[in-house]
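Asks: Below, each chain spelled out in residue letters.
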Amino acid sequence: MWRCVVRRHDTDVMSLVFGLVFLGVAALWALVQSDLLSLPDASVFGPAVLVVAGLIGIAVTLRRGNRGTRDEIRD
Amino acid sequence: MSDNQDTPQPESPQPESPGPATAPSGGTGTQPLPGPPGSGATSSGPPGTPPPGFPPPPGFPPPQGPPPPQGPPPPPWGQVPAADRLADRLRALRRSRHERIVAGVCGGVARGLGIDPLLLRVITVVLTLFGGAGVVLYALGWLLLPVDDGEPSLGSQLTDRRTARPSSRTVLLAVVLAVAVTVGVLSAFRRWDGPLLLALALAGLVVYVMRDPAPPALAAGPGAPGSVAVPGQFPTTTPAGVSTAGPSGASAFAATAPIPAATAGPPTTASAAPPWQGPPGAPPAPPQPPLPPAPPRERSMLGGLTISATLLALGVLAAVDVSGVNLPDGAYPALALTIIGLGLLVGAWLGRARGLVWIGLVLAVVTLVASVAAPWHDNHGRNGVDLDLRLTSVSQLPTDAEYSAGQVRYDLTAVPFEGQAARMGAHIGFGELVVTVPRDVDVTVHASTGVGAVDLLGADTSGGFGTDRTKTDLGPDGTGGGTLNLDLEAGFGHVEVRRATA
Chain A
25 MWRCVVRRHD TDVMSLVFGL VFLGVAALWA LVQSDLLSLP DASVFGPAVL
75 VVAGLIGIAV TLRRGNRGTR DEIRD
Chain B
2 MSDNQDTPQP ESPQPESPGP ATAPSGGTGT QPLPGPPGSG ATSSGPPGTP
52 PPGFPPPPGF PPPQGPPPPQ GPPPPPWGQV PAADRLADRL RALRRSRHER
102 IVAGVCGGVA RGLGIDPLLL RVITVVLTLF GGAGVVLYAL GWLLLPVDDG
152 EPSLGSQLTD RRTARPSSRT VLLAVVLAVA VTVGVLSAFR RWDGPLLLAL
202 ALAGLVVYVM RDPAPPALAA GPGAPGSVAV PGQFPTTTPA GVSTAGPSGA
252 SAFAATAPIP AATAGPPTTA SAAPPWQGPP GAPPAPPQPP LPPAPPRERS
302 MLGGLTISAT LLALGVLAAV DVSGVNLPDG AYPALALTII GLGLLVGAWL
352 GRARGLVWIG LVLAVVTLVA SVAAPWHDNH GRNGVDLDLR LTSVSQLPTD
402 AEYSAGQVRY DLTAVPFEGQ AARMGAHIGF GELVVTVPRD VDVTVHASTG
452 VGAVDLLGAD TSGGFGTDRT KTDLGPDGTG GGTLNLDLEA GFGHVEVRRA
502 TA
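Chain order of the listed sequences is A and B.
Adding 24 to a residue's 1-based position in the first sequence gives its number in the numbering used here.
Adding 1 to a residue's 1-based position in the second sequence gives its number in the numbering used here.
Source of the hints: derived by calculation from the structure; they are not laboratory data.
There's no promise every hint is true.
[Claimed, not checked] Part of the chain A face toward chain B, derived, beta carbon under 8 Å:
id, residue
1, 32
2, 33
3, 35
4, 36
5, 38
6, 39
7, 42
8, 49
9, 52
10, 67
11, 68
[Claimed, not checked] Listed below are several chain B residues computed to face chain A (Cβ distance under 7 Å; list not exhaustive):
id, residue
12, 119
13, 329
14, 331
15, 342
Positions of the beta carbon are idealized from the N, C-alpha and C atoms, including for glycine.
Could you build the full structure based on these sequences and the hints that come with them?
Replies: Next comes the structure, spelled out in structure tokens:
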């Protein structure tokens, strides 16, 4: 049934990276609010979210190689 | 659209591809493309014809619909010096007629650079929020880039007398854009993003100045030999899109782009060499193939599903809130951001919901502010500093205090400023900086925050991105009581200056 609703496609790196960044920001908020993370730690965690999301994006892009890269250009 | 990968598309030609090796040497003269009469596909060797064996872009002609603007194939980049390649690529940048939100700058430039337009759009919006450079750069592109269907740039239309007189609306638009660019670039000298802005403005000007001179033989209409839009060929030296344009389109373009026939001599002599190695007097710019009209976006339910799920979750959270549970600050945007992020993650493989990025950006900023603001209000910050500094003499004033995170309050009410000219500077990375000054001292405050709010003596409250304020206040006694120069900065947080009442 799910297949009828949405179609599977090659990895969309933009969606992936922004999804990760947004979830990271939400996680940052949750950690700070629950006192698991203090502010100086938060100033490390925030950039770490960006670094991790960027690395994953690079890895996925490289792994995908040339396959389908041109298709990404058209949005 | 990324959902296209599964199906063969009339895909755009690939500018970067050094094609000859990869494709069947479909005779370039066999493409039944529309064009002006009298310029038939007669040979494979007129000027502007790509090397034999150069592949036609796949998918042409499209099965139906309006004929897409024909894209000439790219030159083999490997044969061109790197500097020329860069210049050519810059010159080949176009605004996109089809791939656009405002004026097609991001769509066209992204295409020219081979990157995702969404990325450029996000960068533009973020640069706009942080200082406004995004607007300036967009205006620069709007002003200087020609359109990929052959329309010259606004700047060219204004300054090139050989084109038809531009409409007053065009003139007005160009003037507004030019003013915006000028103001933006002039302000660049005192901004954090100034170097970026100046570099790109310089690049834009170089491209504009280096733009191809108008050919002397403008009168050579579309049907002239060697001119633009010869059907059945891929004229590498002619602009994108002219093949589908009528005579007016071709001539409008001709004002800004080279026509090889104008300077390269008879077709028979120029046929052998690749065009970019042609006579030095006629450096052709490889035009950027225009984007074929975008196929209709594949409908995906993911965006709607995610938005609906977000609203549903917010509703549930509101019910919890109303029922008396004490929610932490920022719970609403954080919950919405979580679901938007999940939706995007799903969209990386299933369906399509890239528009969620915009909603997520807004929610992320709100959530971040809530994250760093809440702990100070609740006094939850444990490792950040939490200082109450009560100073008693001018010599104790810090000139350049640095704090990483937390809340710092300076109480200067006991400092005798009478007859003194003092200054104080303090900076905090994340957090709040509050300075209380005596009743009578004459204060000049310069306060700035990267993200956050500034509240100067209760009279000047502002917030957002890149706030930068200067305010002078003499106090209730007017001039007198000494002077104090305050320089306060918070990277991410809140700067406040209060005046003691007693």
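Asks: Indicate, hint by hint, whether the structure satisfies it.
Replies: Status of each hint after checking the structure:
1. A least Cβ separation of about 6 Å between residue 32(A) and chain B falls short of the 8 Å threshold, and the interface hint therefore holds.
2. Given the 8 Å rule on beta carbons, the hint for residue 33(A) holds: about 5 Å separates it from the nearest Cβ of chain B.
3. Using the Cβ-Cβ criterion of 8 Å, the hint placing residue 35(A) at the interface with chain B is satisfied: the shortest such distance is roughly 6 Å.
4. Annotation: residue 36(A) was flagged as interfacial toward chain B, and the flag holds, the nearest CB pair being 4 Å apart, inside 8 Å.
5. Taking 8 Å as the C-beta cut-off, the interface hint given for residue 38(A) holds, the closest approach to chain B being about 5 Å.
6. Interface restraint check for residue 39(A): the shortest CB-CB distance to chain B comes to about 4 Å, inside 8 Å, so the restraint holds.
7. With a cut of 8 Å, the hint placing residue 42(A) at the interface with chain B holds, because the nearest CB-to-CB distance is about 5 Å.
8. For residue 49(A), the shortest C-beta to C-beta distance to chain B is roughly 5 Å, which falls under 8 Å, so the interface hint holds.
9. Because the beta carbon of residue 52(A) sits about 6 Å from the nearest beta carbon in chain B, less than 8 Å, this interface hint is met.
10. At a threshold of 8 Å, the smallest CB-CB gap from residue 67(A) to chain B is about 6 Å, leaving the interface hint in force.
11. Interface hint status for residue 68(A): violated, as the beta-carbon distance to the closest one in chain B is roughly 11 Å, over 8 Å.
12. The interface hint given for residue 119(B) holds, since its Cβ lies 5 Å from the closest Cβ of chain A, which is under the 7 Å cut-off.
13. A least Cβ separation of about 4 Å between residue 329(B) and chain A falls short of the 7 Å threshold, and the interface hint therefore holds.
14. At its closest, the beta carbon of residue 331(B) sits 6 Å from a beta carbon of chain A; the interface hint therefore holds under the 7 Å criterion.
15. For residue 342(B), the interface hint holds, since its Cβ comes within 7 Å of a Cβ in chain A; the closest pair sits about 3 Å apart.
Violated hint for the displayed structure: number 11, the only one.
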